[in-house]
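Participant: Read in my numbering, the sequence shown has 1313 at position 114, and its numbers run on one by one without any break.
Don't read these hints as lab results, they were simulated from the structure.
Just so we're clear, the structure is a prediction, and the values are computed from it rather than from any experiment.
Note that CB positions come from ideal geometry on N, CA and C, so glycine has one too.
Be aware that one or more of the hints could be misleading.
Said to hold, decoys possible - DEER-style ranges, computed between Cβ atoms: (1) A1275 - V1326: 14 to 24 Å; (2) T1257 - D1297: 32 to 42 Å; (3) T1257 - D1296: 14 to 24 Å; (4) S1292 - D1259: 15 to 25 Å; (5) V1258 - W1290: 28 to 38 Å; (6) G1274 - V1326: 29 to 39 Å; (7) D1297 - E1332: 32 to 42 Å.
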Amino acid sequence: MPPGDATRPARPACRQGQRRPRRGRWGFAVLIVTAAAIVGARTPWAEEPRLALRNASTVDVTAVMVSPDYRLHWGANLIGGATIGPGSERWISLPDDDGHCFYDILVEDSAGRQRPNFNQNLCSNPVYEYREE
């Protein structure tokens, strides 16, 4: 383009021995690092998969069974012989299932009631509140 053309700004002149700065070099590096992080990410869980169970009922929670939504059977009682009292909250470690997010949850209380909840996305919301119905 001829000098002084109004449609395109003129490039700055370089002094002798200086190099012009490269453009786009860092953008490519950021792209490579981001891609490596995405590919290297093993699971959507930041750490081990966990569930926070809040007992919003008036009775103790005596059992919590959790299984990935595609399984046909409930897992073991994840709180063992312990209980979660009314108004309490407890973090429970879940079996690692290669980053699976959707789980079915079965809660049993001291009154003998069992309440299943299906297809809970624990990656986006790891808190489950148990209420009597």
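Participant: Compare the structure with each hint and give your call.
Facilitator: Quick rundown of the hints versus the structure:
Here the CB-CB span from A1275 to V1326 is close to 21 Å, well matched to the stated 14 to 24 Å. Separation of T1257 from D1297 is about 38 Å and conforms to the stated range, judged on CB atoms against 32 to 42 Å. With their beta carbons about 33 Å apart, T1257 and D1296 fall outside the hinted range of 14 to 24 Å. Roughly 20 Å separates the CB atoms of S1292 and D1259, a value that falls within the hinted 15 to 25 Å.
About 21 Å separates the C-beta atoms of V1258 and W1290, a value inconsistent with the hinted range of 28 to 38 Å. G1274 and V1326 have their C-beta atoms about 19 Å apart, which leaves the hinted 29 to 39 Å range violated. Distance hint check: the CB atoms of D1297 and E1332 are about 33 Å apart, consistent with the given range 32 to 42 Å.
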